[in-house]
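Chemist: Chains as they are written, first to last, in the working numbering: chain A, 1 to 154; chain B, 1 to 154; chain C, 1 to 154; chain D, 1 to 154; chain E, 1 to 154.
It is worth saying that the hints were derived from the structure and are not from the lab.
Glycine included, C-beta positions come from ideal geometry on N, C-alpha and C.
Just so you know, not all the hints are guaranteed correct.
As a list, the in silico DSBU-like pairs of lysine-lysine whose alpha-carbon atoms are at most 30 Å apart [as the list claims (entries may be wrong)]:
(1) 68(E) - 72(C)
(2) 72(E) - 133(C)
(3) 107(A) - 122(A)
(4) 133(B) - 69(B)
Anything over 12 Å on all C-beta distances counts as not near chain D; from chain E, calculated [what the hints assert, rightly or not]:
(5) 3
(6) 22
(7) 26
(8) 33
(9) 52
(10) 55
(11) 87
(12) 105
(13) 107
(14) 148
Facing chain B, a subset of chain A residues (Cβ under 8 Å, in silico) [unchecked claim]:
(15) 12
(16) 13
(17) 16
(18) 33
(19) 36
(20) 44
(21) 106
(22) 110
(23) 143
(24) 146
(25) 147
Spelled out from the first residue to the last, the chains are:
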Amino acid sequence: MTIIGIADTTFARFDMGAAAYDELIQHTSAKIIRVTVPGIKDLPVACKKLIEENNCDIVMALGMPGGKKQDKICAHEASQGIITAQLMTNKHIIEVFVHEDEANDEKTLAYLMNKRARDHAKNVIDMLFNPEKMKNNAGTGKREGFEDAGPVRL
Amino acid sequence: MTIIGIADTTFARFDMGAAAYDELIQHTSAKIIRVTVPGIKDLPVACKKLIEENNCDIVMALGMPGGKKQDKICAHEASQGIITAQLMTNKHIIEVFVHEDEANDEKTLAYLMNKRARDHAKNVIDMLFNPEKMKNNAGTGKREGFEDAGPVRL
Amino acid sequence: MTIIGIADTTFARFDMGAAAYDELIQHTSAKIIRVTVPGIKDLPVACKKLIEENNCDIVMALGMPGGKKQDKICAHEASQGIITAQLMTNKHIIEVFVHEDEANDEKTLAYLMNKRARDHAKNVIDMLFNPEKMKNNAGTGKREGFEDAGPVRL
Amino acid sequence: MTIIGIADTTFARFDMGAAAYDELIQHTSAKIIRVTVPGIKDLPVACKKLIEENNCDIVMALGMPGGKKQDKICAHEASQGIITAQLMTNKHIIEVFVHEDEANDEKTLAYLMNKRARDHAKNVIDMLFNPEKMKNNAGTGKREGFEDAGPVRL
Amino acid sequence: MTIIGIADTTFARFDMGAAAYDELIQHTSAKIIRVTVPGIKDLPVACKKLIEENNCDIVMALGMPGGKKQDKICAHEASQGIITAQLMTNKHIIEVFVHEDEANDEKTLAYLMNKRARDHAKNVIDMLFNPEKMKNNAGTGKREGFEDAGPVRL
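Using the sequences plus the hints, can you model the full thing?
Modeler: Spelled out as structure tokens, the structure:
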């Protein structure tokens, strides 16, 4: 039985984990396990524990780095840790980060956090159950949360 | 029996380890083990030793990076090491850093170092004994040391 | 039997994986395995899985980092992960990244993504089957996608 | 029997290893093993070899990064490696770096390199033989090479 | 029997591997194994393979990062990987990088690439066969490729 992990934070200003969960259950009957940690730098080991202690096949790591310079450094550290966690487990951890300064107002921020969590939940479904669809979309300029950029042509 | 580790530094200008200790003992009878190292770059292995040699279930890594550019790089290196230490042990290490330039005067700096250490001590308690409370706070814009940012809405 | 892996992304705006595949099959009858992931930060573990779970002898990791500052950080994180994946497996993973801002217009971007993927596919062939040719080209200022820079002389 | 390692470089412009050695032997009869490498980026593995091949209980890694931008990057790389080496061995490696641009003239540079090496040698002694003294100095704003910053108060 | 590895790139604009080889054979009868890869980011695993698959006791990693901002990031990634490869193998990998913008013209660039490769080849000889000479030069301000900076005095 497939198990999907969701790790998110109390720091984020929108419940991205709930959005991801809501999207996932519309497409799969896989078991879903959620855990919440304080901030994004706590996500790498939380995801690794979901994989190694809870047998998750794939994990979504959701977070909202703040807009200040120091927050960008934290996001970088978290991302490196998430990549290392994947290399140590041979499992995908889909990072779903929305930087607070990607949106100009709170409503747009909430929209973007909700949309990107859901778009990446669909990626998780395709990676697990429909890898051919992923291959068919190779190089087509897909985006999560925003409009697709689309392909360029020779 | 639960064991909580506290690692801090002689470089910091406020005894964050004592603040964390004082907060922890108000909420738990878990065993607490303290160690002090010179600076924040000595924290990653100190935390890993607390986990592997002293059997700590979770560790708080407390430090005060200076305000200069080189200090910021040291903080980044320490943070990466703390994340790696977690991935090598599958245990959480809660990083509690207050950058010296987060406060404009010494009294505010002391206030912030004390408050953030205590707020994160409460996170440690919840992560150990009340993970459901953490989940309920997912995406609500919690902050440590400062006022909560609060959630944004669709 | 030699197995070559190709990992690319849905984020990229040109099907670099198809270009690499097309070039490879002109020079080798090796088995080729393709996988597509959402973005470049998903490439490190995808490549490691191709090596460890699909027995690839070498992998091409193809991607198109965006032109914004945050995209550059993502590219850096992906590159570090790709290097770590190689060190964990003792196999080469040839990174083929075209930064979106390397080209001034979409047609040039497509040209560059196609050309660099093909040039590096030839490198992969030489690394696998003709290492002496690689040695003969040591220090000669080869470039992929662009004109060669050529050697400098004493 | 306690063994202390000292690793330093030919790049540095003052014999920090000799200063550390001279200070150590005034406080301990522990065995001391020295090794010298070309530059700071050679220090991480030199320290790890001192620990794993020469059974050192703790190592001092002494170096003088140059003042140029590229030198700062080298220092960062060396520091990350030193932290990783500690995590791989569960032993402390005390990094003693003096950046060439911390001093305005050569005499001050020599003073600082000598003083910081000696101050950190004393830290090594306390970490090995007097950890309670380290704990008593937690959060007191100690500095090595410079005047102590001292504590801040609520 | 001592085995020395040499890894270099087709990207570099001067055959640093040949210069290193030529210098090494003037001072030792050790076996020398050469491998050439496309760029500097391919060096870390190439060096690790030389150590683990070809039993090299030490490796020289020679490369010429370009002068653009992105090239500097690649150099940083390669350097981190080279340090990690050393930590995974407990063998020294002497990084010999000449940044293209260290020289103002092509002739000086060639001079510097040749000279630094040869100077570091001498370091490799001393590290292998004459570690006491390295210790005697500790803190004396040695440089490779350029004039020595020399020591500073108290």
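Chemist: Of all the hints numbered above, which does this structure not satisfy? Sort the numbers upward.
Modeler: 4, 11, 14, 18, 23, 24 and 25
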